[in-house]
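S.K.: Residue numbers (the working numbering), protein chains in the order written: chain L, 188 to 335; chain P, 188 to 335; chain W, 188 to 335.
Among these hints, one or two may not hold up.
Repeated chains share a single entry, so a pair holds when one copy, or any two copies, can fit it.
With a straight-line Cα cutoff of 25 Å, these simulated DMTMM-like cross-link-like pairs (lysine to aspartate or glutamate) come out [claimed, not checked]: (1) K209 <-> E223; (2) K260 <-> D220; (3) K270 <-> D202; (4) K260 <-> E223; (5) K270 <-> D253; (6) K231 <-> D203; (7) K270 <-> D281; (8) K209 <-> D264.
Read the hints as simulated data drawn from the structure, not as lab findings. These figures come from a predicted structure and were not determined experimentally.
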Amino acid sequence: MVSSKTEGTMGAFSDDISVSTKGFGDVVDITPDVQEVVGRSGIKSGIACVAAPGSTAGITTIEFEDGAVRDLKEALDRLAPMKQHYHHDARWGDGNGFAHVRSALLGASRSFPVQHGRLVLGTWQQVVLIDFDNRPRDRRIVVQVVGD
Amino acid sequence: MVSSKTEGTMGAFSDDISVSTKGFGDVVDITPDVQEVVGRSGIKSGIACVAAPGSTAGITTIEFEDGAVRDLKEALDRLAPMKQHYHHDARWGDGNGFAHVRSALLGASRSFPVQHGRLVLGTWQQVVLIDFDNRPRDRRIVVQVVGD
Amino acid sequence: MVSSKTEGTMGAFSDDISVSTKGFGDVVDITPDVQEVVGRSGIKSGIACVAAPGSTAGITTIEFEDGAVRDLKEALDRLAPMKQHYHHDARWGDGNGFAHVRSALLGASRSFPVQHGRLVLGTWQQVVLIDFDNRPRDRRIVVQVVGD
Numbered sequence: 188m189v190s191s192k193t194e195g196t197m198g199a200f201s202d203d204i205s206v207s208t209k210g211f212g213d214v215v216d217i218t219p220d221v222q223e224v225v226g227r228s229g230i231k232s233g234i235a236c237v238a239a240p241g242s243t244a245g246i247t248t249i250e251f252e253d254g255a256v257r258d259l260k261e262a263l264d265r266l267a268p269m270k271q272h273y274h275h276d277a278r279w280g281d282g283n284g285f286a287h288v289r290s291a292l293l294g295a296s297r298s299f300p301v302q303h304g305r306l307v308l309g310t311w312q313q314v315v316l317i318d319f320d321n322r323p324r325d326r327r328i329v330v331q332v333v334g335d
Numbered sequence: 188m189v190s191s192k193t194e195g196t197m198g199a200f201s202d203d204i205s206v207s208t209k210g211f212g213d214v215v216d217i218t219p220d221v222q223e224v225v226g227r228s229g230i231k232s233g234i235a236c237v238a239a240p241g242s243t244a245g246i247t248t249i250e251f252e253d254g255a256v257r258d259l260k261e262a263l264d265r266l267a268p269m270k271q272h273y274h275h276d277a278r279w280g281d282g283n284g285f286a287h288v289r290s291a292l293l294g295a296s297r298s299f300p301v302q303h304g305r306l307v308l309g310t311w312q313q314v315v316l317i318d319f320d321n322r323p324r325d326r327r328i329v330v331q332v333v334g335d
Numbered sequence: 188m189v190s191s192k193t194e195g196t197m198g199a200f201s202d203d204i205s206v207s208t209k210g211f212g213d214v215v216d217i218t219p220d221v222q223e224v225v226g227r228s229g230i231k232s233g234i235a236c237v238a239a240p241g242s243t244a245g246i247t248t249i250e251f252e253d254g255a256v257r258d259l260k261e262a263l264d265r266l267a268p269m270k271q272h273y274h275h276d277a278r279w280g281d282g283n284g285f286a287h288v289r290s291a292l293l294g295a296s297r298s299f300p301v302q303h304g305r306l307v308l309g310t311w312q313q314v315v316l317i318d319f320d321n322r323p324r325d326r327r328i329v330v331q332v333v334g335d
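Bound conformation, chain L alone (with noise of 0.2 Å):
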C-alpha cells in the first residue's frame, strides 16, 4: 500500500476526548473515539499521535478482550506492585506512587501511522487508556493528526 508524497494540502487537526474511567488500572477501549477524530480531521495520510496528559495514566493497544486485558492488569500489579513502599507516596502521602511508576514505564503517549483516513491497526488491536491513579476519574485524550 503506497502512498505516494503529496504537496500542498498538508493540514494539523486536533480534538479532545473525554473519558470517565473507574481508576485503578481501569482499561478502556478509545479506539472508535480516536477513529472518529482521525476522520473528521479530513486527512488520508499521515500521523496520529495519542496522549493522555498526565503522570498517572498510560495510552498502548492490544487485544480488548476480558482475558487479555486482566493478563495485562497482573503483569502491571508485577511490574509496581500497589502494596509496596513508594517513596513518593511516604513525601506526598497520595498512596498512588505505583501510578507513577507505571505511567513512567508503559508511556503516556503513542503515535499510529493514518491511512486513507483511519488509524492503521490490526483486526484484533484496540487503542486502549489505562487509568493507573487510586480513584475514578474524568480523563481528557488529546487526538493530533498530522498529514494530508
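Chain L is fixed; fit chains P and W onto it per the hints.
M.R.: Structure of chains P and W alone, referenced to chain L:
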C-alpha cells in the same frame, strides 16, 4: 543541527515492509528496510512512524548483536513468562497470552526523527520488530513519514 | 480544544539539546529545553518527536520529584538488575548490558502533541531523559516538530 522551518513542500508518504519471522520472541533488524522507505519518500526533515499492526508484536530499538538481543529476550521472559497461566488462553485457547501482554507493555509502534532524509539513530542503535506470537508469522510493517 | 485543519503553512523544524548526565540511571528533566525548541519552531499545532539517539538511554514522562524518580529507578532495577549476568557483557566486556535492556524496554524516543506552540503535558508531567549507561555521558537529544 538546525533545519529551519520550511513551508509549501510538506508531504506524507507511506509504504509497507514484509518480514517473515520465527515467532516466539524472534527479534528482526528492520533498519535497512525502514531507511529505504524513508529515503524513497523524498522527505528530508520530519517524523517517521514505524508500526507493526496487530496485538502480538512490538517495535523498539536495541544494539542488534546476539548478546544484547538474548538479554532482552530473557527480560521479556521475566516480564511475561511463557509458562504461566493466562486468562486469554483459558478463554480462547490460542496459547499466546504472553504475546499479548508483551506487545501491550512494549508497544507496537514507535516514531523517530528524520533528518537529511534518514532516521536519526545512534551508531549502534537498530530498529527491530519483535514477534511475540507462538508461531512463525508473515508480518506487514507500516512506515509512515511526514515532513518536508 | 479544536484546531481546525489548516493548509499551506505547514513546516518541519528540528534542533538538538545537549545534556550532561551522571549515567547509572540518572533522570534529567528536559522539559524546559524541549518547550524552548518547540516555541522556536513557530509551529502552533502538530507533533513533536523527542529522541535520544543511542542504545543505552530512554525518553519518558514522570512527575519529576525525588520520590517518584527514586521509585522509577527501583522499578527499572527490578526489570533489569545491574548485578546479573548479561550475554552482552560476556561478549563485549563493556559492563552495560543492563543499560541496553532497559533502553529497549522503555524506548529511546517518544512523541507528543503540540498545541498553541507548546507540548501538551499534564501540570505535574515532565519529559525526562534517563541515561542507563554505566558512566557519565554527554547526550544529544533531538527534538523534531512537524505541523503548522
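S.K.: Against each hint, give a clear statement of whether it holds in the structure.
M.R.: Hint check:
| no. | hint | verdict |
| --- | --- | --- |
| 1 | K209 <-> E223 | within (23 Å within a copy, 36 Å between copies) |
| 2 | K260 <-> D220 | within (23 Å within a copy, 35 Å between copies) |
| 3 | K270 <-> D202 | neither (37 Å within a copy, 43 Å between copies) |
| 4 | K260 <-> E223 | neither (27 Å within a copy, 37 Å between copies) |
| 5 | K270 <-> D253 | both (24 Å within a copy, 20 Å between copies) |
| 6 | K231 <-> D203 | both (19 Å within a copy, 16 Å between copies) |
| 7 | K270 <-> D281 | within (14 Å within a copy, 32 Å between copies) |
| 8 | K209 <-> D264 | within (16 Å within a copy, 30 Å between copies) |
In terms of the numbered hints stated before, the structure departs from hints 3 and 4, listed from lowest to highest.
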